[in-house]
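Enquirer: Chain residues, written in single-letter form:
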Amino acid sequence: QKEVEQDPGPLSVPEGAIVSLNCTYSNSAFQYFMWYRQYSRKGPELLMYTYSSGNKEDGRFTAQVDKSSKYISLFIRDSQPSDSATYLCAMRKTGGGNKLTFGTGTQLKVEL
Amino acid sequence: GAVVSQHPSRVICKSGTSVKIECRSLDFQATTMFWYRQFPKQSLMLMATSNEGSKATYEQGVEKDKFLINHASLTLSTLTVTSAHPEDSSFYICSALEGAPSEQYFGPGTRLTVT
Chain A
1 QKEVEQDPGP LSVPEGAIVS LNCTYSNSAF QYFMWYRQYS RKGPELLMYT
51 YSSGNKEDGR FTAQVDKSSK YISLFIRDSQ PSDSATYLCA MRKTGGGNKL
101 TFGTGTQLKV EL
Chain B
113 GAVVSQHPSR VICKSGTSVK IECRSLDFQA TTMFWYRQFP KQSLMLMATS
163 NEGSKATYEQ GVEKDKFLIN HASLTLSTLT VTSAHPEDSS FYICSALEGA
213 PSEQYFGPGT RLTVT
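Chains as they are written, first to last, in our numbering: chain A, 1 to 112; chain B, 113 to 227.
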């Protein structure tokens with residue numbers, strides 16, 4: 001079993017829709033949670049960074065962490081065609097030497 | 113946010129030759145950088161952790177003699193793929209740690225094709 005599970009998609013939504021992206025994990029040592037956006041043939045771009053449980057909002061993006069369920073989510077409101085990309089969740093353990101463990105990524109397409 | 117660059121962005125080389133990829137932190141100093149490889153439609157797999165002034169730490173299954181890493185300064189790490197073979201063709205991405213708590217910022221990646 002992988003430490004981090006993420007549905008690879010592809011996920012296709014109409015413009016303006018609310019998008020929900022999710023990851024589950026098995027190791028309770030993960031304390032720091034990140035979401036990255038990766039456009040085709042580019043490096044990942046950090047979108048959201050959260051520590052432990054709770055919500056964090058930044059513009060159209062909301063990151064949610066539920067440590068009791070080992071489940072994290074990224075919500076995108078009013079989705080735009082420019083949001084079409086692969087979204088990777090990543091997480092890090094306390095004292096883990098800053099190593100990140102990534103999900104496989106979810107490919108999102110927002111259509112006009 | 114912090115900016116990390118990679119050079120070259122794309123390289124094609126013949127089997128048996130060596131290729132060097134550079135990773136630079138442009139507006140901050142990074143004592144730690146990471147090297148990843150990514151196959152098509154797959155996630156990033158950590159290859160090694162590069163620490164300035166010391167030897168790199170390689171992940172299990174990564175040949176340290178094949179993937180040479182040098183972190184000579186606080187803004188530059190290099191990855192050399194020695195005696196490259198077609199199976200080494202991949203997308204190589206570096207990242208650098210910035211700030212506290214540390215966040216990883218990624219370079220744009222280098223696409224290596226070995227013919």
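Simulated from the structure, these hints should not be mistaken for lab results. We treat Cβ as the ideally placed atom computed from N, Cα and C, and that holds for glycine. One should not assume that every hint holds.
Quick look at which bits of chain A chain B covers, simulated, 3 or more residues with Cβ under 8 angstroms [to be verified]:
(1) 13 to 22
(2) 45 to 51
Computed Cβ-Cβ distance ranges for the label pairs, DEER-style [claimed, not checked]:
(3) B:Glu175 - A:Lys99: 31 to 37 angstroms
(4) B:Ser195 - A:Ser12: 26 to 32 angstroms
(5) B:Leu180 - A:Pro81: 38 to 44 angstroms
Enquirer: Run every hint past the structure and note whether it holds.
Expert: These are the hints, each one checked on the structure:
no.	hint	verdict
1	13 to 22	violated (count 0)
2	45 to 51	holds (count 4)
3	B:Glu175 - A:Lys99: 31 to 37 angstroms	violated, 19 angstroms
4	B:Ser195 - A:Ser12: 26 to 32 angstroms	violated, 43 angstroms
5	B:Leu180 - A:Pro81: 38 to 44 angstroms	holds, 42 angstroms
Consistency note: the structure conflicts with the earlier hints numbered 1, 3 and 4.
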